[in-house]
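A.B. asks: These protein sequence lines map, in sequence, to chains X and H.
Just so we're on the same page, the working numbering is the position in the first sequence counted from 1, plus 16.
Just so we're on the same page, the working numbering is the position in the second sequence counted from 1, plus 149.
You may find that some hints are simply not true.
[Claimed, not checked] With a Cα cut of at most 35 Å, we get these calculated DSBU-like pairs of lysine-lysine:
1. X:Lys23 to H:Lys468
2. H:Lys468 to X:Lys103
3. H:Lys398 to X:Lys108
4. H:Lys575 to X:Lys108
5. H:Lys468 to X:Lys243
6. X:Lys243 to H:Lys172
7. H:Lys306 to X:Lys103
Calculated from the structure, these hints are not laboratory results.
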Amino acid sequence: MQILRRKDILGLEEMSAEEITLILDTARSMREILQRKIKKVPTLRGRSVLNLFYEPSTRTKASFELAQKYMSADSVSVAGSSSSLVKGETLKDTVRNVEVMGVECVIMRHPVSGSSHYLARSVEASVINAGDGMHEHPTQGLLDMFTIWEKKGHLEELKVAIVGDIRHSRVARSNIWGLTKMGAEVVVAGPPTLLPLDMQGLGVKSYHRVEEAVEGADVIMALRLQKERQESGLFPSLREYTDLYGLTLQRIAGAREDALIMHPGPMNRGVEISSELADGSRSVILKQVTGGVAVRMALLYLLLGGTKEE
Amino acid sequence: MTNKDIYITGGRIIDPSRNFDQKADLLLRGGLIEKVEKNLQPPTGALKIDAHELIVTPGLIDMHVHLRDPGQDYKEDIISGSLAAAAGGFTAIAAMANTDPVCDNSSVVRYVCDRAARAAVRIYPIGAVTKGLEGKEMAEMGRMKQAGAVAFSDDGKPVVSGMMMRNALQYAFGIGALIIVHEEDPSLFGGGVMNEGSVSSVLGLRGIPSQAEEAMLIRDLLLLKTTGGRLHIAHLSTAGSVELVRRAKSEGLPVTAEVTPHHLLLTDRMVKNTGYSTNTKVNPPLRSEQDRQALWEGLLDGTIDAIASDHAPHHPDDKEVEYDFAPFGIAGLETTLPLLLDEVSSGRVKNLTLPLLIEKLSLAPARILDIPGGTLQPGSVADLTIIDLKRIITVNPAAWYSKSRNTPFAGRQLTGAPVWTIVGGKIVMEEGAPAGNFEQG
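With the rest of the complex left out, here is chain H (with noise of 0.2 Å):
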């Protein structure tokens, strides 16, 4: 790590922010954004990134990452999921409250904020909406808020009970929260375990009908037409759950919505085509090919705000095993950006340009989470995201920081990459690798 000023210079600054997308040079100081200048004379000391032919943005957020600590390290915890992060480009993560215990207190929101210390990235806690995610009992929202949690989810799971979930987005309103929603009807899932359509009909494996996603939805974009607050959808996967966000926002409910790389990037047929791959087993669902359209269309259009990754690691015993008994998820963080800068580079996605990506992957979710970063303007917080676009890498799991391999990328060749990644100041990747020292888990 250094504590140096940093000259950037000769890049591309993307700063969706201001819509800024010219070249440029930065200087670095103090943690923050001291100057964004043409031109800018290098001062005497700084350490020097020459990012000729690359382009620099703001540092890029996933604002939806399972991290699995405290609880279940053996698949992650807060310090290889920071290291994958930073592998990954991201400077920020937000990290779910699904694990063991449950962060449905303040006392497990400061245990993650005390790891995130020694972290390569800056984490944030988002805590649970209902004690134990049993959607009981409301969770304390407003302790935990001041405690250092930036949203609440149950996600993993729903919140089943319609006047629960109610209740805590009016009681979230009042302590000015955002709840996340994981939007599955459990009954309408009905035990399945891929997309219900063509493809499980050949397959003999139980669906997922999409109505198990939108029914959820309506419901909760019914309650927050009287409840107040502000009200964010996870991993979107459906044209019909697209449409109907499209409407609430042009009604002008305070709704966001995010979708993930695998939902946009594949369909259920990928299940068939790797001879029923655990790989593929995701909650939601990879969904049919008309679904992935939709979720282009929603994004582009801005129906769906932010692009986050629902890095879900597991184990490799975990899917080392039949397709029903394997759990659901797939480890995202060292994949999501390079996946996506090779739609752009490729040209396959119509008007997806990369201030819109990086705008999708900064500028959106630090506004959703209220949390600092996602612009470069001057007296923000330095971090930082260089890409290299031309890069060509390989989807390699066994390179992975992340202690998880779950992935259904696995081998592909992707062009552009980050190189860089600085967070406060200090560089925390350089050339793929961590840069530093942080505590190992």
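Chain X on its own, in the form it takes in the complex (with noise of 0.2 Å):
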């Protein structure tokens, strides 16, 4: 199997289509690995991978390290809070220790956008970026992309809808990159409070009312709501943005029949996605989930793997 030509994943805008198909056929078979009995292949026994997680999470990290395990890779987790950061060690001391205990990559997760291009350059370690600020989450938009692909069949022309925070997101940015390149549309909707000032830079059209942006649509993505937004003064109360911006099932009633609803997690039922929408038909929340560790297999082998006594 083709490698991937690169030491770090910082970010979808920098991967070109071939890699993110590449990526995405890799997934494909990692997943069968997960359909399996035991789940487990001797593909990375040896190596080993530092999970650097400077902020809470629950999905990415456990996924992760779920990846890894069925992967044979050792690993070691280690939390922001209970890091030496704390104790005032610079990121890059902190992982360069690690680093010469024979950490060959590193997946972080960091509140500053641009944590894992400064880390990059700092280590020799691969870096995979598991969330950098408000910057991009490479992973997360990759296994977006193998859900709609796996129930799509494909990414091309498909009409994608992404609808909320997407100022502070860096889950939409990741989306926008690697769907646009895969030669989707992607369209975003929120209040403009909560959308980037100048879409110019990230080349996709967007709305103010839900209604209009999912007309057509193939696909919808919630984004997660965060209460802090509403006190530094970019919206009023939940409940109006509810009343204005939730999705439900009469506010997409323009999109295709079969599209597909998605939200990247953790949701706020009842605040921007009904729970009729959430746990209904369309609904392939939980199959993200199941992607992403799909997804993660794929790249940690894709990194790692062909590099040692191949």
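Combine the two chains into a complex, taking the hints into account.
C.D. replies: The structure is reproduced here in structure tokens:
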């Protein structure tokens, strides 16, 4: 199998359609492993991975850790609150110390945009960005694309509407880059205070009315609304947000009948998405999570797999 | 150091104070410029500088420098900053007040002046407008002025309260003092780390809108209409600010403005192109290409009076962190002149001439701060910079005299560099290296 020719996975902006296709193809083989009774392959035996999470995470962290275990990699997980960060050590020093213990790949989530770029420059190990600030969350973007691809059979010419807090969302950015490169049309919708002020750089169309954005959509993706955005004065209240922008059966009536309903989690039921949609027949929200493990196995394989004793 | 007479021969003399631009010889004697004449006979015993193929200009003045002394001398101190200035072709620099303790009283002003006596170049302290830069109580501007402060500024911070600013302008008018403002509305600044625009949207970094600067600038220009006194705007960064200053000047308001080399040469794309390098993090932030073009226009049409480095040195450890956590600032003393000379020699900026550039770096700041220099008139102080327009250098922060290394220009090859810096008739820099014994910090 072909190997990804890059040291790090920092974002989907810098990734080509060919690379994305390779990852999705590989993820499909990995998903087959997940369906086995004994979910374990020796592919990454003897390889070491560090999971470094400076922000809370359930899904992404569990997903990466399981991917490592299923691939037989040795891994260690460090949470920001328990690490030497609180003792004043810099990120660079922390990772360099773990690196000399033999770690070849660092999975990092960090609250500051660009941190994975900084880390990738500072260490020899491969860096996989598990979410950096408001910048990118490439593995989430890939697993979302994987889920759509599995369901629809293709990505090109699909219309994908992303609804909610685009401005502060790394998930939105990764999906915009990835889906656009794969030939899908991406539109975004939300109150102007939650959209990037300048959409030009992201190259997608934006709407202030959800109903317009989802018209004819093949995929509708809700984003998590963070309560702290209300506190910083970007919208008046959660209930008003729900009334005006929350995804409900009625609001998405203009979408295609077979439109997929997605959410990267964690969900605020009854706020950005109604339970009838989240749990409905068109929802693939839990499929996204399964796909997440497969995509992360694929990335670990493609970054680490072929470099030693092939 | 030498106290000998200095005879400079064969150079092209550019003196913006009297629109002089031709070949001539100079004689420096007793710390003053004695003669500027063609075919001057070499006096006996004088030190001779052969300036054939070189440019002789009034000593350059950087009116906006952070020396971090007292209090943060691991980043820079008065001596290291002065050596960096000499190496960069500056004969005088003005030191901002945001030190620790803040330069908000005459004791700190005197401390800076005392240390400056052993430095390589002239150092002019700028006092704070408000005590502790807190924006609440007026600092003793009168006493600081008596002690040697040449202007007053809370730079690094805006004076947030409109009434405080109004009072400060009125009071400064009474004592004939200049106020320099860092324009920034903190509520619009909103914890941003780079210019707000399409690049910040892509990078997911919090943006600083142009309005943060422009809103405060509008307020201060409005105040200036009734307060009297002179106002100088530090580091303009947006097209809107240029237009506001242009309009204020056309209305006859006593306002001047400066721009930095990094705002003239770089845009916010640099943050992306360097993969979030913290050496691109500066306040005001690197703006858009449209802003950059407007700054050049403002400089060329006289809206912007001076170029200043806003030299903001930081220790490498302070900058070797995640983008949000890094301090703002670009160190500029040793790059400002070569960067700008390169713009002249490359011809990239239409209508940018060497005499105009020299004026923005010498005469203009001398007039704004009302300090000696900025001229080669016989009888004036013998502060001179001698420039080789053809010398090719590579920006190498590791070799700097500044203690800092924070520049987004590292590795750039530039054409044009200072080769001699002369302060009060003494050579303080020769061939890029400081000459003489200066107390090390």
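A.B. asks: Please go over all the hints and tell whether each is borne out by the structure.
C.D. replies: How the hints compare with the structure:
Restraint check: the Cα-Cα separation between Lys23 (chain X) and Lys468 (chain H) comes to about 24 Å, which is no more than 35 Å; the hinted pair holds. Restraint check: the Cα-Cα separation between Lys468 (chain H) and Lys103 (chain X) comes to about 19 Å, which is no more than 35 Å; the hinted pair holds. A distance of roughly 49 Å separates the Cα atoms of Lys398 (chain H) and Lys108 (chain X); the hinted pair therefore is violated under the 35 Å criterion. For the proposed pair Lys575 (chain H) and Lys108 (chain X), the alpha carbon gap of about 46 Å is over 35 Å, so the pair is violated.
For the given pair, Lys468 (chain H) sits about 32 Å from Lys243 (chain X) by alpha-carbon distance, which is consistent with the 35 Å threshold. Using a Cα cut-off of 35 Å, the hinted pair Lys243 (chain X) and Lys172 (chain H) is violated, with the two alpha carbons roughly 70 Å apart. Taking the CA atoms of Lys306 (chain H) and Lys103 (chain X), the gap is near 30 Å; set against the 35 Å cutoff, the hint holds.
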